[in-house]
Amino acid sequence: MTDVAVVERVLAGDADAYAILVDRYYDRFARYAVHMVGNREDAEEAVQDAFVRAYRSLGQYEERERFAAWLFRILMNQCRTVAALGRRRARTFPDVDPGELTLTDAGGAERQELRDRLERALAQLSPEQREAVVLRYGEDLSYDDMAAVTGAGVSALKMRVKRAFARLRELLQEAYCV
Amino acid sequence: MFDLGDELDRLEAWVARELRRPVATNAARKARIMELVRATAPPARRARLPRRGRGARAGLASPIIGVALAAGVCGVMTAAALRPLLVEPRQAMAVAADADTALGDTITSTLRDTARLVRTILAAPARSGVVAAADLTRWNASATSVAAADASGVSMVAVALAPGRHRAALTDPARQVPEPPALGAPGAGSPASSADSLVPASDTSS
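For the protein sequence lines, the chains are C and B, in the order given. Mapping of the first sequence onto our numbering: residues 1 to 178, in sequence order. Mapping of the second sequence onto our numbering: residues 1 to 206, in sequence order.
What the hints contain is simulated information worked out from the structure, not anything from laboratory work. Do not take every clue at face value.
[What the hints assert, rightly or not] Cβ-Cβ distance ranges computed for the label pairs, FRET-style:
hint, chain 1, residue 1, chain 2, residue 2, range
1, B, Gly164, C, Lys158, 19 to 25 Å
2, C, Val4, B, Arg165, 28 to 34 Å
3, B, Glu12, C, Glu128, 16 to 22 Å
4, B, Arg32, C, Glu113, 21 to 27 Å
5, C, Glu65, B, Ala16, 23 to 29 Å
Glycine is no exception: its CB is placed at the ideal position from the N, C-alpha and C atoms.
Bound-form chain B, shown alone:
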């Protein structure tokens, strides 16, 4: 007699067996991990904060301190809400020959441990439109949309990036952007190189 429970059990067992099968791995990839580790600065032990004692709790219980803390938190939240409007020139970006200027980029938020939302503001008055191409788009110039320029030629793009440094280029919408040579390589003479930028996405905030 057909037993649905038995069938499910067998299916579960089969799925588990298949998912637990070892996969072939690349020994070179594995070895590369230790190469990268040796090239990385040694991790620093995090300083431990002293545990709060009863005295600290007693201080927090004061209503005056409580009100002051609440006001401070409100102030920080308000500042955080306004922060995206205040773009700090975090790192100067290269200026293109035709006066395109990346005004600055800023990490506006930490999407998660491994992704940062990076906003870049750029002025390209001579261009009818701007696209951004970068490592993450595999240098496909149509993959990332840029907010249309306003009357002054200022555009904005926001992209989610993994922490690290990313190479990006600003160019005309119709232009194909070849992937530039590796960072620091001599003769970085791709069409994108004159207007490209290193976008840092390492910190949780700028």
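Pulled out of the complex, with its shape left as it was, chain C reads as follows:
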């Protein structure tokens, strides 16, 4: 069932159909929010608020826009708000997927250290730079899609990603040795 069809069902009064959208996007949103907010608890709170806010505003969604982009923009705003209101607790780092823990090899500890350093480096970028890196590399969005969700121009985004990645590289230089 397409997103638009689900939205139509919800608007027709079937609130439970919204669970389809939650299931469809929750993990992806949680991943984005963790990288943007820095800890799982605040990230999941931001995701929860974004879904509830989107539900309340569902009547304002217009089909000429991709639903995923519309929803994602609400999440981005929520993550920005969490940062802007200074609600971030001390940044911790994303939990390791328990399933992956069993797969780690002898170099697992070193790999985890590199991941932690990446998160620390991300935390040192400006919010705009962090957002650009996560959207480009984490969400694999094209620059056109990035422009659609951020409202920034494509050239500005290219420059932002370039500078952000250069800064990230500097921060990781010491750690990156693969």
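Since chain C is already given, all that's left is putting chain B on it; use the hints.
Frame of chain C, contents of chain B only:
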């Protein structure tokens, strides 16, 4: 031979791989979303405005209507500029026992979709100073500064709030404000409760 391009490619690939790794999520949090959704009023479909036709365009082309519209826009802009000075008592706030009075709060602007700038004016003639503590400051009384009271004891605080209802308390600067019980809970007898207020930040303007 060392190739910077190769190194950058590998770094990019590694960053992308790491950022795309799934993160563990809390199933209870996810389930809570649907609980909140079911407790929320169903979304209403927005009424579609009719598209402007050629007739409407022809009307707008009239110079007289254009001048009238320009004058109207100027009037609205002037009123908007003056609006922060005109505080409407939007919602009565509780009066503290020692005659502290929140005169009113108003949403002065929409910072973005998810934040409203809420200004609260309060009169606390018996106090040497006032601080505001609220959910957003995690009840840390030193987190939000309040403009100093003038001779009449009137102070002002402006804070950015996410849409919704926030509980706030006005108290002495040196006082620690414990987080009050949940809204509506019986026995809300914290030191802050006698002077607290529910600050609505749901609308785009008051």
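The hints, checked one at a time:
| no. | hint | verdict |
| --- | --- | --- |
| 1 | B:Gly164 <-> C:Lys158: 19 to 25 Å | violated, 37 Å |
| 2 | C:Val4 <-> B:Arg165: 28 to 34 Å | holds, 32 Å |
| 3 | B:Glu12 <-> C:Glu128: 16 to 22 Å | holds, 19 Å |
| 4 | B:Arg32 <-> C:Glu113: 21 to 27 Å | violated, 33 Å |
| 5 | C:Glu65 <-> B:Ala16: 23 to 29 Å | holds, 26 Å |
Hints 1 and 4 from the earlier list are contradicted by this structure; the remaining hints agree with it.
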